[in-house]
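Enquirer: So the protein sequences, as listed, match chains A, B and C. Residue numbers 5 to 515, in our numbering, belong to the letters of the first sequence in order. Residue numbers 5 to 515, in our numbering, belong to the letters of the second sequence in order. Residue numbers 5 to 515, in our numbering, belong to the letters of the third sequence in order.
Derived by calculation from the structure, the hints in this document are not laboratory data. From a predicted model like this one, the values you see are computed outputs, not experimental measurements. Keep in mind that the hints are not guaranteed to be accurate.
It does not matter which identical chain is used: a pair holds within one copy or between any two.
[Unchecked claim] In silico SDA-like pairs for lysine to any residue, Cα to Cα no more than 25 Å straight-line: (1) K381 <-> P414; (2) K423 <-> A297; (3) K503 <-> N412; (4) K197 <-> H261; (5) K295 <-> A248; (6) K350 <-> M409; (7) K295 <-> S89; (8) K141 <-> L166; (9) K415 <-> G29; (10) K347 <-> C71; (11) K159 <-> H75; (12) K398 <-> R495; (13) K164 <-> D392; (14) K415 <-> R495; (15) K96 <-> A297; (16) K131 <-> E158; (17) K159 <-> F371; (18) K505 <-> E404; (19) K398 <-> P414; (20) K141 <-> S372; (21) K76 <-> L294; (22) K381 <-> D150; (23) K154 <-> G64; (24) K76 <-> G285; (25) K438 <-> D426; (26) K142 <-> R496; (27) K423 <-> I149; (28) K131 <-> K295; (29) K28 <-> S372; (30) K381 <-> D334.
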Amino acid sequence: MRSILVIIAASIIFSISDDTVEAKGLDKGVGPYGEFWKPIPTQRYWAPDYFYTPPEEPKGVYSEEECVACHKALNPGLVKAWEESNHANFDKIDKIQNYQNIDSRLAPVTNPPYAPIGKLQDYQREKLAEIEKHLGKKLTAVGCIDCHGKIGAEKLDHAKELVMPSAAHCGECHKQEFEEFESEKHYGIPDWKPGRESHAKAYDANLDVDVWAAQDKNIVQGCDMCHNIQHKCDSCHTRHAFRASEARRPEACQTCHNGPDHPDIEYYRDSKHGSIYFIEGNSWDWNKQLKDANYISPTCQSCHMYYKGQYSHNMVRKAIMGEGDVLFYDNIFKGIKPTDYIKNSKELQSRREAWIEVCVQCHSQRFSRDYLDSMDKASDSIFHYVSDAYATIKSLYEEEILYPMPENRPKAPAPVIEKYPDLLGGFYGEFWAKGGNPSRIEKDFLYMWENDAFLVRKGLAHMNPNGFTYISWSNLLKKYVDIQSEANTLRRLAALEKKTKLRSKKIREKK
Amino acid sequence: MRSILVIIAASIIFSISDDTVEAKGLDKGVGPYGEFWKPIPTQRYWAPDYFYTPPEEPKGVYSEEECVACHKALNPGLVKAWEESNHANFDKIDKIQNYQNIDSRLAPVTNPPYAPIGKLQDYQREKLAEIEKHLGKKLTAVGCIDCHGKIGAEKLDHAKELVMPSAAHCGECHKQEFEEFESEKHYGIPDWKPGRESHAKAYDANLDVDVWAAQDKNIVQGCDMCHNIQHKCDSCHTRHAFRASEARRPEACQTCHNGPDHPDIEYYRDSKHGSIYFIEGNSWDWNKQLKDANYISPTCQSCHMYYKGQYSHNMVRKAIMGEGDVLFYDNIFKGIKPTDYIKNSKELQSRREAWIEVCVQCHSQRFSRDYLDSMDKASDSIFHYVSDAYATIKSLYEEEILYPMPENRPKAPAPVIEKYPDLLGGFYGEFWAKGGNPSRIEKDFLYMWENDAFLVRKGLAHMNPNGFTYISWSNLLKKYVDIQSEANTLRRLAALEKKTKLRSKKIREKK
Amino acid sequence: MRSILVIIAASIIFSISDDTVEAKGLDKGVGPYGEFWKPIPTQRYWAPDYFYTPPEEPKGVYSEEECVACHKALNPGLVKAWEESNHANFDKIDKIQNYQNIDSRLAPVTNPPYAPIGKLQDYQREKLAEIEKHLGKKLTAVGCIDCHGKIGAEKLDHAKELVMPSAAHCGECHKQEFEEFESEKHYGIPDWKPGRESHAKAYDANLDVDVWAAQDKNIVQGCDMCHNIQHKCDSCHTRHAFRASEARRPEACQTCHNGPDHPDIEYYRDSKHGSIYFIEGNSWDWNKQLKDANYISPTCQSCHMYYKGQYSHNMVRKAIMGEGDVLFYDNIFKGIKPTDYIKNSKELQSRREAWIEVCVQCHSQRFSRDYLDSMDKASDSIFHYVSDAYATIKSLYEEEILYPMPENRPKAPAPVIEKYPDLLGGFYGEFWAKGGNPSRIEKDFLYMWENDAFLVRKGLAHMNPNGFTYISWSNLLKKYVDIQSEANTLRRLAALEKKTKLRSKKIREKK
């Protein structure tokens, strides 16, 4: 009840744009910058709703048995995975009971928190009954055509009707899970576009990025391969086994949540939370629902899917992540310190309270509150360095000492719009560069706010001590140091050129 | 006996300072630089002996049952972990026997080196008897008040008596383990402060670092979160399950021993030793004591806790790690090559002999000796580059070409004392920087000696081929190359400024 | 049959040089640069065929029982591992059958694809019979002398006859596996030396590298420790347990295939393929042969050991890896775009077709083909940046603006030959540097082609989205940006020096 009120409140705060994109072939792009790019063939698979069309061959109308027979020969691994899935094994639900004792036999060795397996059977029976009631018919299995055609259809015209199923398609049976997932669209980051960082609008958020639109799709399809989670349940429940037990494990998140821009798995792995998981996790019962799991240490899922006493497929209701860009980039231009920004946002304050509820499951109120406060206060120290670095670069720009000055170098390709000084150190530099645009000092500033600054905060959030000291704080300072020294070199060169008449005022006049 | 003699000998070599720090609230800092900083609230938890005071609420005197009832509602995860612990399950010791056959049933699949489980029961019975004898009474369980108040107390005044238990508190029952741990204080690194790199003096070593004292505690609490091992047994045996089986696994070390400053877990993971552990470790019996374990591949614990035939909680008796700073930094100023330094130290020679004893468990004498010799000889090559880089920077300083010169830039905050040229590339630059202090060239040198140089050696020590070639040696050379090129740029700029009269001699006069 | 034809075809394309290196002591090096270096003692173990001689002690002739008795006391871990091996347990083959039910009991918990264990027994029996037939005698065990002396010998003269077994020695029993392994020598990379990147010629390829020959062996033995796979089966099947089940797991590859030069395990780990393995792999049956394994997700082995329907110890028959250096370095000088290079090579085209066959086991033809095409097209974007960076540096060289110019700086030690401008950014700079050789801008270019460029491609090949965007593409651009800015600084300094007469033309005259 309480959570429903919050949904409504949030919906008011962040109104959702409804710019639906029509499904197409590969003729042209979609989204706000659709005119600037054309999809490549693999994008059919990254965003099937927008680009997928069936292959021309084979032509024919096939039954379930024919699908399996042919693909078992062509792509045996695909069929095997489905054969292991619950989709193909409704009849095995009744057999689960027989094995309920296996865990207790192992218990003394590994001391695992196994639940009675009987519950799993009950849950799966209830779930199936719910789906059957909802669909208005009995199910004996979920097969190829149900997902790659229409649910319940007997035949599929391969060259005309084949689809790559979207989350909405899965949602026809898995109604509750889909609705939870879709509800993420209502949770934006204050001062950002609605739903910008939710999983449920991830692909559209990708389409909003100017440099993504501008760059070679063969490279930036790397963005698609994660951001396509908007369309694909199998980002976490990988096809064709679709195990919930897989999606409940931290490694399920790591294909997207790793690397310099979002080292979540790395930071989790080396936290105490993570080390306990990696030591003991193999003895935990991953068939349990999160609400019953009660692990001895948190996982990605047990923290991020929790909100006010419930677990759901909405993972962003208490997220303050988007602050990364807001706190350490947008706010430079507004001159707002992180602690002030967070303190003055009712939405962020309420998310923080929900966050503390998670920590308190194992830690004291006082500790949890003090620790998250220290994360905010640390952010002010970060902000100080980021602001100072930006001020350095901005003054170089204003004194025309930046080299080359923006007017004397290649422009970033459309639709990237270069608006200086606000674009100094802009995000486009992570994916495009040419002949001095951006220059070294701008690039260092870009990675300072886009990676290091945020990662100090992320290290703190994930209780990873090296994550916020040697890994991120030191990296932030390295770039700050490089920026100061580069600024000195640029100033000295400009002064020398002026003195020796190698530098005139004509630069600015070029504009 | 032999090991006792060594303890005595070592005690003579490294006398231990006994500057005990009094427990306090959050009013002021502690340690040699205590006057320069104030603790933040979270430090109550990082160093409870120094800063912890109980929360004001709840007021009241509670029994064990009341603790559990209330915290089960407030912090269920915390209570659950305790419920899984041996502390809460003395009565289960007798049941261990029943399961002795489980392992052999699994044996043919995974071929694990399981011990008869019966031994575990014997061990736990003996241990309990020993503790009961030592305490002079029977125990039926270890509960909240035993650890968070006084051992054996029936009641706890929450607002007045609550404590966060220190290692010494654990040591009241776990006498032997605590004494082993404390004995680390007697093992320093030659030419360093006594106990500086031991776990048992880790927090105090932290307090000794000037830039730690100078910096925002919300950031540098990342140091506290590892260095607090001095006070906390639960760094390895995490609360509230406190499993020895957890602390025996390499992942137990990784929260502190990872990252650019000490990538131990990374280097282990990618060694053959580690790959065998990560492939087979899940089938090994972690309930076994190290002396009985006999793994097919070494773990962090099986090498580092071993010394002359025995395993103990003293992990530094054969450590040569502190050499990092000594070999590659301090010794630059003294001009002593690593091989000479090691050869001329009786203490290091004796540690080396103890080290070889570990290798010889699986490798031949000749191989072990030749390999560790090659590690030392490689260190001379590293030293050559580090020395050469320092010489370059020092000459820039002496010729007043460093830019900005120390006298023309912001000073590091107290208590950091800037003593040039010896502080060029000083450690403070990893945590603090401002307006050209340090400059890019000094920063590169800092990471050259503080990370890369040491990591070539660490890579060799951990048998990780990439660890000492592509990862560290190449990183060392990258910085060396950058230093040479930056030096050239600084020299050329200075020469141009002199020639064009943009540079006068007034710089030095400012001093 | 088809595969035999391909072997013959390949043999014609890449003729194999037969410069056999004679076994020696530690007096002098081997290989094309043997005269420039001397082996260090540890190299006896990295390349026993070339450098191993037995230790002088103990003197004596020993039986198997004496070996075990003595080494059990001296090196118990070594003997224990052997005791766990199949070599020591021929008698247990008959007992495998007894345990065939264990897996199905666990099945409902983890849903593992276990095979009937009976098959393993059959396989091992057949294998043993085959070996016995081949050797012409019955075997009851494989012991110390069989491997460290002569197969079937009863006694060993320790100081004279002791050997460290080579792959060929293993091949006396494991004929088929050795022949598969050796067949790699027939698969080179077009435009490279034959067998250069195969495992079977890895050590000799190492000896071909000029800077390896030039550098301190204590450092560059890190290369040996992986490249010695040419001589050692225990790189994957670690001694002395030699489990096939170990060698079948991805971690078996990671000691060599990790790090900035070849982050294969990292890229696999964070792909969906890898996350499934790391979640579920512990429940898979690693005793199964690859052909029967049928994992739900691929491993290093299941992709790389597969070729046209068969699995073997030849892992390079469809490899396009060597392209790294060829596509992004050699081809700069020839001005050939990656797509053109690949399209125009019959050999690479045929490997690509074989590659697609692997993907198609689980993915559609269309997807597999489109995806690998996009990898090639992405390579053109990479090539554009690498070429542009090289052009920048080359023009600096030609205008004599590079600083210091090659003629004014220390020369790389022999046998490295400096041939400019083609050696600008040459590989030697990863292992050697001195006084401005190479300079910062050349070093950045080196890591651009040697690491980042190739790693974008590797990230794509391993389906790791961050691997080819934030990790590699962004790293490539960072260096490109640094190169452009450094070039600007060098140009400005040169112009200033010319204007102020600090720079004369005498530089070139020095040559």
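Enquirer: Hint by hint, which ones does this structure get wrong, listed from lowest number up?
Expert: 2, 6, 9, 10, 13, 20, 22, 26, 27
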